[in-house]
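Asker: Chains as they are written, first to last, in the numbering used here: chain L, 2 to 217; chain V, 33 to 76; chain X, 497 to 711.
Worth flagging that the hints you see were computed from the coordinates, not collected in a lab. From the three backbone atoms N, C-alpha and C, an ideal C-beta is built for every residue, glycine too. There may be inaccurate statements among the hints.
From the structure, some residues in chain X lie toward chain L, with a derived Cβ separation under 10 angstroms [said to hold, decoys possible]:
| id | residue |
| --- | --- |
| 1 | W599 |
| 2 | V616 |
| 3 | L621 |
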Amino acid sequence: MAWKDLLVERRSKETLNALLFFSLALLLVFQFALGPDRERLAAVLPGLLWLGFILSGVLGLGRSFLVERENDCWEGLLLTPGDKSAIYLGKLAGSLALMLVVEALVLALFVLFFNVDLGPALPGLALVIVLGTLGVAAVGTLFAAMTAQVRARELLFPVLLLPVLVPVLLGTVKVTEALLLREPLAGVAHWLKLLVAADVVYLTIGLLTFDVILEG
Amino acid sequence: MPDNWTFVAAAYGLAAVVFGGYWRWLVRKERELAALRLPRPSRP
Amino acid sequence: MSTALGWLAAVGLAAGLVMGFGVAPREVTQGNVQRIMYLHVPAVWVAYLAFAVGVAGSIAYLAGRRPGADRLAHAACEVGTVFLGVNIATGAIWGKPTWGTWWTWDARLTSVAVVFVMFVAYLLLRQAIEDRERAARYAAVLSIVAALNIPLVHFSVYWWRTLHQPPSLLKPGSSTMPPEIVAALLVNFAALALLGAYFVTRRARLLAAEEEALA
Numbered sequence: 002m003a004w005k006d007l008l009v010e011r012r013s014k015e016t017l018n019a020l021l022f023f024s025l026a027l028l029l030v031f032q033f034a035l036g037p038d039r040e041r042l043a044a045v046l047p048g049l050l051w052l053g054f055i056l057s058g059v060l061g062l063g064r065s066f067l068v069e070r071e072n073d074c075w076e077g078l079l080l081t082p083g084d085k086s087a088i089y090l091g092k093l094a095g096s097l098a099l100m101l102v103v104e105a106l107v108l109a110l111f112v113l114f115f116n117v118d119l120g121p122a123l124p125g126l127a128l129v130i131v132l133g134t135l136g137v138a139a140v141g142t143l144f145a146a147m148t149a150q151v152r153a154r155e156l157l158f159p160v161l162l163l164p165v166l167v168p169v170l171l172g173t174v175k176v177t178e179a180l181l182l183r184e185p186l187a188g189v190a191h192w193l194k195l196l197v198a199a200d201v202v203y204l205t206i207g208l209l210t211f212d213v214i215l216e217g
Numbered sequence: 033m034p035d036n037w038t039f040v041a042a043a044y045g046l047a048a049v050v051f052g053g054y055w056r057w058l059v060r061k062e063r064e065l066a067a068l069r070l071p072r073p074s075r076p
Numbered sequence: 497m498s499t500a501l502g503w504l505a506a507v508g509l510a511a512g513l514v515m516g517f518g519v520a521p522r523e524v525t526q527g528n529v530q531r532i533m534y535l536h537v538p539a540v541w542v543a544y545l546a547f548a549v550g551v552a553g554s555i556a557y558l559a560g561r562r563p564g565a566d567r568l569a570h571a572a573c574e575v576g577t578v579f580l581g582v583n584i585a586t587g588a589i590w591g592k593p594t595w596g597t598w599w600t601w602d603a604r605l606t607s608v609a610v611v612f613v614m615f616v617a618y619l620l621l622r623q624a625i626e627d628r629e630r631a632a633r634y635a636a637v638l639s640i641v642a643a644l645n646i647p648l649v650h651f652s653v654y655w656w657r658t659l660h661q662p663p664s665l666l667k668p669g670s671s672t673m674p675p676e677i678v679a680a681l682l683v684n685f686a687a688l689a690l691l692g693a694y695f696v697t698r699r700a701r702l703l704a705a706e707e708e709a710l711a
């Protein structure tokens, strides 16, 4: 399933390209909204970064089940024999890979445009990005499947998703802040534990309830 | 500390309006549905 | 049963008013504005109780697929949202004279606000789906996510705020409450819980009638 999505994605590149340009536009807007004051920018950088990640994630995830609908494959998904949680994991892996690629590129752009020196913070940053993105994708895939068949879905999907993501957003921003200030990871260990807990909770719910959503 | 009775009145008043409004909405909806259902059995 | 609950709630609310304004003394540091607490605090307890009932109903629906369980879940989550709204509004009215501001991003306020938004989203999702059976399934999943998310929200928001202010500020002298105040809180809790139960039974009945009318 993930393989299929990634193949389709690599062939068309439509979502990836659009997401990248969306992130680029966000970057520009952030810059204009905050002005050129470098110190103020540095103070809000972790928040901006994660806001960008989550917004592009919302757009990307919102599309992940739409592709099936547009191509009339929804019935096929419903009729797939066996465990529906395989579909969930496949969709999740596909979205996760897409989001991680976009995030890596956005991070590079941030370094370029805002002149941040990541250096030794990079391994920690990679860890928190994977943990945070997994949480976003796990609950996002579940909600995207839920809203794919609903009217006003473009509106409803973020309305459902954003409040649920508050713990993930807080945790990732706090850890990123500490990393950019070159503080040791031990000081934010409780946040990392919270992120892991969130990932486990969302993944478990997703695996257990995806059957229910794909019933019809 | 001053007593701020107006704030107390506002809080209890607001709660009364919200709970009362919700109750009235429930009662009204129930009546509407009952009115909808009544003519039905008389129809052939 | 619904009517009996309604009268019980009415009696309870009257008793609660007597306790809150007659029996309980004027609070020393805050003055009479503290009497808002007899409404504010029980409202949030009832709201969380209603959400617990709602999630239990959702799980029961997913397990047994009885429409009654879904109606209970829907009614309880809606009533819980109403009570949480009252809690937030009365909290703001209390906060203005006491803290000098309607709203502050304090840990408790923030986490309650996030929970409120999650359950408003739940109600929006229910509204957006016409097919009752599918609405029931999706909403049940959403309410389970929201419920399990509550502890995560509480921890994260608490840590987020307590980096800036000591936790002692959040609980001003809760251990020294006079017994009359505790009694008034408990009576009002019982009264609002009865009111909530009355609303839930009424709402569930209305949902059943709606389904019948549509069928």
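Asker: Evaluate each hint against the coordinates.
Answerer: Verification of the hints:
1. W599: violated (17 angstroms)
2. V616: Since the shortest Cβ distance to chain L is 8 angstroms, the answer is holds.
3. L621: holds (6 angstroms)
Of the numbered hints stated above, the single one contradicted by the structure is hint 1.
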